[in-house]
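Top to bottom, those sequences are chains R and Y. Start counting the first sequence at 592; every next residue gets the next number (the working numbering). Start counting the second sequence at 592; every next residue gets the next number (the working numbering).
Rather than coming from a laboratory, the hints here were simulated on the basis of the structure. Some clues are possibly wrong.
All copies of an identical chain are treated as equivalent in the list; a pair is satisfied when it fits inside any one copy or across any two copies.
What the hints assert, rightly or not - In silico SDA-like cross-links for lysine to any residue, where the CA-CA straight-line distance does not exceed 25 angstroms:
| # | residue 1 | residue 2 |
| --- | --- | --- |
| 1 | LYS686 | ASN618 |
| 2 | LYS686 | LYS712 |
| 3 | LYS714 | SER692 |
| 4 | LYS712 | PRO646 |
| 5 | LYS698 | LYS714 |
| 6 | LYS712 | VAL603 |
| 7 | LYS712 | TYR690 |
| 8 | LYS686 | LYS714 |
| 9 | LYS714 | LEU702 |
| 10 | LYS699 | ALA710 |
| 11 | LYS698 | ARG720 |
| 12 | LYS698 | GLY711 |
| 13 | LYS699 | TYR647 |
| 14 | LYS699 | VAL603 |
| 15 | LYS699 | GLU627 |
| 16 | LYS712 | GLY679 |
| 17 | LYS686 | ILE709 |
| 18 | LYS714 | ASP689 |
| 19 | LYS699 | GLY679 |
| 20 | LYS712 | GLU701 |
From a predicted model like this one, the values you see are computed outputs, not experimental measurements.
Protein chains: 2
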Amino acid sequence: MDLKNLALGRHVLIEYYGCTTEIIENNGLIEQYMREAADHAGARVVESVFHHFNPYGVSGAVIIAESHLTIHTWPEYDFASVDVYTCGDEVDPSKAADYLSVKLQAKKTELMEIPRGIAGKIKQFANQRDNKKPEKIEMEKSEG
Amino acid sequence: MDLKNLALGRHVLIEYYGCTTEIIENNGLIEQYMREAADHAGARVVESVFHHFNPYGVSGAVIIAESHLTIHTWPEYDFASVDVYTCGDEVDPSKAADYLSVKLQAKKTELMEIPRGIAGKIKQFANQRDNKKPEKIEMEKSEG
Chain R
592 MDLKNLALGR HVLIEYYGCT TEIIENNGLI EQYMREAADH AGARVVESVF
642 HHFNPYGVSG AVIIAESHLT IHTWPEYDFA SVDVYTCGDE VDPSKAADYL
692 SVKLQAKKTE LMEIPRGIAG KIKQFANQRD NKKPEKIEME KSEG
Chain Y
592 MDLKNLALGR HVLIEYYGCT TEIIENNGLI EQYMREAADH AGARVVESVF
642 HHFNPYGVSG AVIIAESHLT IHTWPEYDFA SVDVYTCGDE VDPSKAADYL
692 SVKLQAKKTE LMEIPRGIAG KIKQFANQRD NKKPEKIEME KSEG
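With the hints as extra help, turn the sequences into a complete structure.
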């Protein structure tokens with residue numbers, strides 16, 4: 592059974608409970624860890640944007656060639672919520688999740704993975720093209 | 592039954608199948624629609640970052656005071672994949688989803704909502720503080 596072509600992307604949603612407060616309120620550290628997490632997953636970082644909220648919390652996104660990572664932290668609750676969305680076979684989002692679990696010093700990590708862009712539905716609903724209907728979904732995009 | 596305090600955030604994952612190709616390959620238009628979608632949801636846009644990939648596709652993130660929106664488009668498949676993650680009671684992520692469904696001219700929209708940051712687990716794992724343990728989770732953050 593060939594499982595490769597079922598979906599375009601893998602989306603991992605991770606909740607980090609009981610993180611170290613001082614880490615998840617540090618904007619610079621969070622941006623560094625998120626970019627390092629992308630590296631650990633095998634992704635190529637394109638751009639990132641991070642914002643520190645007053646009085647608490649960091650929100651940020653890292654655009655990677657293979658989709659994105661995002662984070663929101665609630666230092667007052669020692670809680671951080673992360674998404675890692677990747678496409679292609681070269682990148683493993685669970686490696687980013689594991690890396691951040693260590694770096695944020697989470698007491699409890701909960702993770703779920705959701706396939707994104709179901710190939711069968713893409714084929715069903717794509718517009719007709721002259722010789723361009725995507726009969727075969729290529730999982731590997733060079734970028735994007 | 593009070594449902595307000597079960598989770599910090601609402602995360603809506605949306606797949607738009609059969610979009611209009613010319614729209615979802617247009618970086619400027621996608622950024623505009625994403626920022627407008629945030630407005631429609633009642634969110635406050637803080638920053639955004641968008642990237643156009645060669646040869647196909649747009650990836651972008653909008654950081655809002657209430658969390659984020661992201662998008663990835665595959666014009667070659669007429670497919671776009673969006674996330675709208677919000678916290679607080681003032682913002683309705685489904686309004687952003689509906690707005691984009693119209694703007695991307697999707698033939699088929701599929702949506703699921705996942706609660707993020709479960710209050711009971713936050714209380715269970717938060718570090719002990721002097722008079723600061725979050726016995727009461729405030730759903731309304733002024734920002735973040």
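Outcome of the hint check:
no., hint, result
1, LYS686 to ASN618, "within (22 angstroms within a copy, 30 angstroms between copies)"
2, LYS686 to LYS712, "between (28 angstroms within a copy, 23 angstroms between copies)"
3, LYS714 to SER692, "between (37 angstroms within a copy, 18 angstroms between copies)"
4, LYS712 to PRO646, "between (44 angstroms within a copy, 23 angstroms between copies)"
5, LYS698 to LYS714, "between (43 angstroms within a copy, 12 angstroms between copies)"
6, LYS712 to VAL603, "both (21 angstroms within a copy, 19 angstroms between copies)"
7, LYS712 to TYR690, "between (33 angstroms within a copy, 21 angstroms between copies)"
8, LYS686 to LYS714, "neither (30 angstroms within a copy, 27 angstroms between copies)"
9, LYS714 to LEU702, "between (29 angstroms within a copy, 18 angstroms between copies)"
10, LYS699 to ALA710, "between (34 angstroms within a copy, 14 angstroms between copies)"
11, LYS698 to ARG720, "between (51 angstroms within a copy, 16 angstroms between copies)"
12, LYS698 to GLY711, "between (39 angstroms within a copy, 14 angstroms between copies)"
13, LYS699 to TYR647, "within (21 angstroms within a copy, 39 angstroms between copies)"
14, LYS699 to VAL603, "both (16 angstroms within a copy, 23 angstroms between copies)"
15, LYS699 to GLU627, "within (21 angstroms within a copy, 36 angstroms between copies)"
16, LYS712 to GLY679, "within (18 angstroms within a copy, 33 angstroms between copies)"
17, LYS686 to ILE709, "both (23 angstroms within a copy, 23 angstroms between copies)"
18, LYS714 to ASP689, "between (34 angstroms within a copy, 23 angstroms between copies)"
19, LYS699 to GLY679, "between (29 angstroms within a copy, 24 angstroms between copies)"
20, LYS712 to GLU701, "between (29 angstroms within a copy, 10 angstroms between copies)"
When held up to the earlier numbered hints, the structure conflicts with hint 8 and nothing else.
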